[in-house]
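Asker: Residue numbers (our numbering), protein chains in the order written: chain A, 167 to 252; chain B, 233 to 701.
Hints are not guaranteed to be accurate.
Stated by the list, open to error - The list that follows gives simulated cross-link-like pairs (lysine-lysine, DSS-like), each with its CA atoms no further than 30 angstroms apart:
| no. | chain 1 | residue 1 | chain 2 | residue 2 |
| --- | --- | --- | --- | --- |
| 1 | B | K440 | B | K454 |
| 2 | B | K526 | B | K299 |
| 3 | B | K440 | B | K299 |
| 4 | A | K218 | A | K193 |
| 5 | B | K454 | B | K295 |
| 6 | B | K651 | B | K633 |
| 7 | B | K295 | A | K193 |
| 8 | B | K633 | A | K218 |
| 9 | A | K218 | A | K251 |
| 10 | B | K651 | A | K218 |
| 11 | B | K526 | A | K218 |
| 12 | B | K295 | B | K441 |
| 13 | B | K454 | B | K633 |
| 14 | A | K218 | B | K454 |
| 15 | B | K295 | B | K526 |
| 16 | A | K193 | A | K251 |
| 17 | B | K441 | A | K193 |
| 18 | B | K651 | B | K299 |
| 19 | B | K633 | B | K440 |
| 20 | B | K299 | A | K218 |
| 21 | B | K299 | B | K441 |
Said to hold, decoys possible - The calculated label-pair distances, taken between Cβ atoms and stated as ranges, are:
| no. | chain 1 | residue 1 | chain 2 | residue 2 | range |
| --- | --- | --- | --- | --- | --- |
| 22 | A | T168 | B | Y275 | 20 to 28 angstroms |
| 23 | A | R169 | B | G477 | 42 to 50 angstroms |
| 24 | B | Q409 | A | G191 | 30 to 38 angstroms |
| 25 | B | R298 | A | A240 | 43 to 51 angstroms |
| 26 | B | T627 | A | I177 | 25 to 33 angstroms |
What the hints assert, rightly or not - To spell it out: a stretch of chain B is covered by chain A in this simulated footprint if at least three of its residues, at any positions, have a beta carbon under 8 angstroms from a beta carbon of chain A; those stretches are:
| no. | segment |
| --- | --- |
| 27 | 359 to 368 |
| 28 | 402 to 414 |
Hints in this document: simulated from the structure, not taken from any laboratory.
Each residue gets a CB set at the ideal place from its N, CA and C atoms; glycine is no exception.
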Amino acid sequence: MTRDDIRETIIDILSDITPDEDLSGLKDDVAFREQLELDSMDFLDIVMELRKRYRVQVPEEDYGELASMASTVAYLEPHMQDLEKV
Amino acid sequence: MYDTVIIGAGMSGLAAGIRLAHYDQRVCILERHYTIGGLNSFYRLAGRDYDVGLHAVTNYTAKGSRKGPLARILKQLRFRWEEFALCEQIGSSIAFPDVRMSFNNDIRFLESEIERCFPSERDNFQQLLARITDYDDLDQESYELSTREILGELFSDPLLVEMLLCPTMWYGNAREQDMDWGQFCIMFRSIYMEGFARPLAGVRLILKKLIRRFRSLGGELKLRSGVERIRTENGRAAGVVLDSGEEIEAKQVLSSAGWVETMRLCDDITESEPAAAGKLSFIESICALDCQPKDLGHDDTIVFFNDSESFPWEQPNDLCDTRTGVICSPNNFAYGEAQEELPEGTMRITMPANFDRWSSLSDEDYELEKLRWFDRSLESAVRFAPDFRRHVVATDMFTPKTIRRFTWHDNGAVYGAPKKQLDGSTHLRNLLLCGTDQGFVGIIGAMMSGISIANRLLVGDIAEPSPSP
Chain A
167 MTRDDIRETI IDILSDITPD EDLSGLKDDV AFREQLELDS MDFLDIVMEL
217 RKRYRVQVPE EDYGELASMA STVAYLEPHM QDLEKV
Chain B
233 MYDTVIIGAG MSGLAAGIRL AHYDQRVCIL ERHYTIGGLN SFYRLAGRDY
283 DVGLHAVTNY TAKGSRKGPL ARILKQLRFR WEEFALCEQI GSSIAFPDVR
333 MSFNNDIRFL ESEIERCFPS ERDNFQQLLA RITDYDDLDQ ESYELSTREI
383 LGELFSDPLL VEMLLCPTMW YGNAREQDMD WGQFCIMFRS IYMEGFARPL
433 AGVRLILKKL IRRFRSLGGE LKLRSGVERI RTENGRAAGV VLDSGEEIEA
483 KQVLSSAGWV ETMRLCDDIT ESEPAAAGKL SFIESICALD CQPKDLGHDD
533 TIVFFNDSES FPWEQPNDLC DTRTGVICSP NNFAYGEAQE ELPEGTMRIT
583 MPANFDRWSS LSDEDYELEK LRWFDRSLES AVRFAPDFRR HVVATDMFTP
633 KTIRRFTWHD NGAVYGAPKK QLDGSTHLRN LLLCGTDQGF VGIIGAMMSG
683 ISIANRLLVG DIAEPSPSP
């Protein structure tokens, strides 16, 4: 998966979790918490969706890396670059 | 072998089931009754639809709001806001002998009502709002503080304390007389700060959405499948045995049966504590009218009434207590956007009742007492609402015995045991509780409870067997 594929995957997960949000204007460098008011349950959901869809495990001490789109893609790239997008 | 077996197909069990099935668990929900819903259910009788339990969905927040329990459960269960089709209340009242205070889903309206009825308490009420906003839901220590004590210190007029307590106790207090501070804060937010709403089709709409989603994710539901006991092995739950004798194995068990009831099911526990079960149960008199309540001049959604200056919240000695009650008119929600209204007027009158008294009656006396207390409950209610009695065209009634039959909770206790297990833990690592005895009430609370416990199971700190020493 390329960085764009990973970004698209995250957008897909976010639109699943927050079906009422318009994500087209999402800024990559602003925290999700700030833009979408995601709470800890939502972050846990992102982690669990990644596990369900790609078997990617994000250990609890790394949850902080998922703060914004930019940091999430950077964090996931080494874990996901060898995977096929589904 | 299931990953998780859930006892009870009420709101909490269904919500937990959806979460677990969504994350690929093999889940089976076991329900003793022949229908889903538990305390919040519905039925059809002589061509009419009836709701049980739910008067209103509490915790209402408008579409687009990202905070609060409603927004959270929608996200967790992957529903769009529109899917629950919630329409807001028109307005509700707290009616005491000389003072009637109204509220709606905008806290500023209640503030203005307090200023009108209790002008000197304005600043004290602001202080209360600040404390409630700051209250941390997971703080077990201040959870059990006395609400009466805290409010008594905050306000100088005891009548205001009684009036604020009345709806919060009515909609979710398992303790007699007093209320846990944590429970009060949760109820205060859900009733006064967020508010009431209802789908035009009632609770059945939400239940149908939940069960359809659960099944589409591969979840299994077994009705008429009461659990006779929870089989334990080496300090773990190994599965359940049904009333039919059938055994079902599971890696973990989630029970919405209630704390005392679940402990009694465990085959490793010999003593149960009947004293710990809740005591507060209700009767409800349901009337179909030949007109809409508003045609009689009644546009309150819900009236919480009490006929003296002090609000009694206790199990009555008699079959019922007609001093306090709730009058709910499902017609009085703003269905305007749906361009529809309910075909018939409905008034539901709820009052405290004593389970032991009702359940010790002979069949013949039971029917007789139902008629008697039906009339008495209406007689009491029309002191606080227009007299609708000559417009009644059909009636039904439930008693604590009915509640017991649908929920299997001891004493027909609507809000469960007074002692709450906030994190759902039991003496077994892989047996958890959800539902009323976890401290969440109302249908949004019930769903939230199922979700939070399902998440504990999913994160996996419970599923793996602990290595034997």
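Asker: Each hint needs a verdict: does it hold in this structure or not?
Answerer: Structure-based check of all given hints:
Between B:K440 and B:K454 the alpha-carbon distance is near 16 angstroms, which keeps this suggested pair within the 30 angstroms criterion. Between B:K526 and B:K299 the alpha-carbon distance is near 33 angstroms, which puts this suggested pair outside the 30 angstroms criterion. Straight-line distance between C-alpha atoms of B:K440 and B:K299 comes to about 25 angstroms, which keeps the hinted pair within the 30 angstroms bound. The suggested pairing of A:K218 with A:K193 holds, with an alpha-carbon distance near 26 angstroms, which does not exceed 30 angstroms.
For the hint linking B:K454 to B:K295, the alpha-carbon distance of about 34 angstroms lies beyond 30 angstroms, and the restraint is violated. Restraint check for B:K651 and B:K633: satisfied, since their Cα atoms lie roughly 22 angstroms apart, inside the 30 angstroms limit. For the suggested pair B:K295 and A:K193, the alpha carbons sit about 23 angstroms apart, so the restraint of at most 30 angstroms is met. With a CA separation close to 44 angstroms, the supplied pair B:K633 and A:K218 exceeds the 30 angstroms bound.
Among the hinted pairs, A:K218 with A:K251 is consistent with the structure: their alpha-carbon atoms are about 13 angstroms apart, no more than 30 angstroms. The straight-line distance between the Cα atoms of B:K651 and A:K218 is roughly 37 angstroms, outside the 30 angstroms bound, and the hint therefore fails. Of the supplied pair hints, the one linking B:K526 and A:K218 is violated, its CA atoms being roughly 52 angstroms apart against a limit of 30 angstroms. Between B:K295 and B:K441, the direct Cα distance comes to roughly 18 angstroms. Compliance with the 30 angstroms bound is thereby established for this hinted pair.
For a cut-off of 30 angstroms, the pair hint linking B:K454 to B:K633 stands: about 24 angstroms separates their Cα positions. A threshold of 30 angstroms between alpha carbons decides the hint, and for A:K218 with B:K454 the separation of about 27 angstroms falls inside it, so the pair holds. Of the supplied pair hints, the one linking B:K295 and B:K526 holds, its CA atoms being roughly 27 angstroms apart against a limit of 30 angstroms. A threshold of 30 angstroms between alpha carbons decides the hint, and for A:K193 with A:K251 the separation of about 23 angstroms falls inside it, so the pair holds.
Proximity of B:K441 to A:K193 is assessed by CA-CA distance (about 34 angstroms); at most 30 angstroms being required, the pair is judged violated. For the hint pairing B:K651 with B:K299, the CA-to-CA distance comes to about 28 angstroms; that is within 30 angstroms, so the pair holds. Of the pairs offered as hints, the one joining B:K633 and B:K440 holds, with about 26 angstroms between alpha carbons and a cut-off of 30 angstroms not exceeded. A C-alpha spacing of about 26 angstroms is found between B:K299 and A:K218, which places the hinted pair at or below 30 angstroms, so the restraint holds.
Distance hint between B:K299 and B:K441 is fulfilled; the C-alpha atoms sit about 22 angstroms from each other, no more than 30 angstroms. Taking 20 to 28 angstroms as the suggested C-beta distance range, the pair A:T168 and B:Y275 does not conform, at roughly 55 angstroms. A beta carbon spacing of about 58 angstroms between A:R169 and B:G477 contradicts the range 42 to 50 angstroms that was offered as a hint. Against the hinted window of 30 to 38 angstroms, the Cβ-Cβ separation of B:Q409 and A:G191 comes to about 53 angstroms, which falls outside the hint.
One distance hint, 43 to 51 angstroms for the beta-carbon pair B:R298 and A:A240, is violated here, with the actual separation near 26 angstroms. Checked against the given bound of 25 to 33 angstroms, the beta carbons of B:T627 and A:I177, roughly 54 angstroms apart, lie outside it. Coverage of the segment 359 to 368 of chain B by chain A is violated in this model, with 0 residues showing a Cβ closer than 8 angstroms to a Cβ of that chain against a need of three. Coverage of the segment 402 to 414 of chain B by chain A is violated [criterion: at least 3 residues with CB-CB distance below 8 angstroms; count 0].
In summary, the structure is inconsistent with hints 2, 5, 8, 10, 11, 17, 22, 23, 24, 25, 26, 27, 28 from the numbered list given earlier, while agreeing with the others.
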